Amino acid sequence: TIELRPVGVIAGHVHNEAGDPLPGAFVVLGRGKRNGIDVYGYSQSTAKADGSFRLEYVPEGVWSVRAQADGYTYADTSDIALNADDAVIVLKRGGIVSGVVIDASAEKPVEGIEVYAAGIAYADGYGAQKATTNAVGAFTIPDLADDEYHVRLYKQLYVLANEQKPFTIENANHVTDLELRVLRGGV
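Using my numbering, you'd call the opening residue of the sequence shown number 3 and step up by one each time.
Honestly, the hints are just simulated from the structure, not real lab data. Model, not experiment: these values are computed from the prediction. Keep in mind that a hint or two might mislead.
[To be verified] Below, in silico cross-link-like pairs of lysine to aspartate or glutamate (DMTMM-like), each with a Cα-Cα straight-line distance of 20 Å or less:
#: 1; residue 1: 132; residue 2: 113
#: 2; residue 1: 167; residue 2: 179
#: 3; residue 1: 132; residue 2: 87
#: 4; residue 1: 94; residue 2: 145
#: 5; residue 1: 50; residue 2: 87
#: 6; residue 1: 94; residue 2: 150
#: 7; residue 1: 94; residue 2: 113
#: 8; residue 1: 50; residue 2: 81
#: 9; residue 1: 167; residue 2: 181
Sequences and hints are given; from them, build the entire structure.
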């Protein structure tokens with residue numbers, strides 16, 4: 003036999019701290035944790051011109067909702083009941099880290115390196131954001147939430163030549179002078 007379970011919707015609005023709607027914000031439904039990290043992806047939507055969103059075909063339960071928009075950090079709201087129509091998610095401006103990757107042996111910029119900024123709260127790599135260096139070795143990682151971050155390279159032919167001190171994003175500041183010196187020898 004097939005058992006059909008009731009479904010509903012969760013609706014609400016996404017806006018910035020000034021109360022302006024954020025059309026195009028990506029909104030995703032999720033609930034629960036895996037290894038202490040929130041799991042998202044069950045249902046998704048995009049905010050309309052007025053910031054409204056509607057997540058459909060939601061099974062019974064209590065849910066969390068996450069939103070993300072360009073130029074802003076993601077934000078969560080939790081304990082949203084099925085068929086709620088008043089979920090509000092407020093997004094804050096994000097900070098930026100930028101810099102350059104230099105081959106420490108050749109003293110030349112390195113193109114094509116994936117640079118990750120992982121917040122201390124996500125030391126295991128969850129929640130990390132990345133950018134790839136351009137032809138002059140430059141990278142920019144936007145939309146970083148307030149936190150202390152470590153920089154990492156993953157699965158590269160290069161490794162960091164020296165220990166990198168963490169950097170801090172506070173109040174959407176920009177860290178612009180990060181120089182990563184690398185050596186060949188990674189995986």
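TODO: Please name the hints from earlier in the document that this structure breaks, with their numbers sorted from lowest to highest.
DONE: Violated hints (numbers, rising): 3, 7, 8; every other hint is consistent with the structure.
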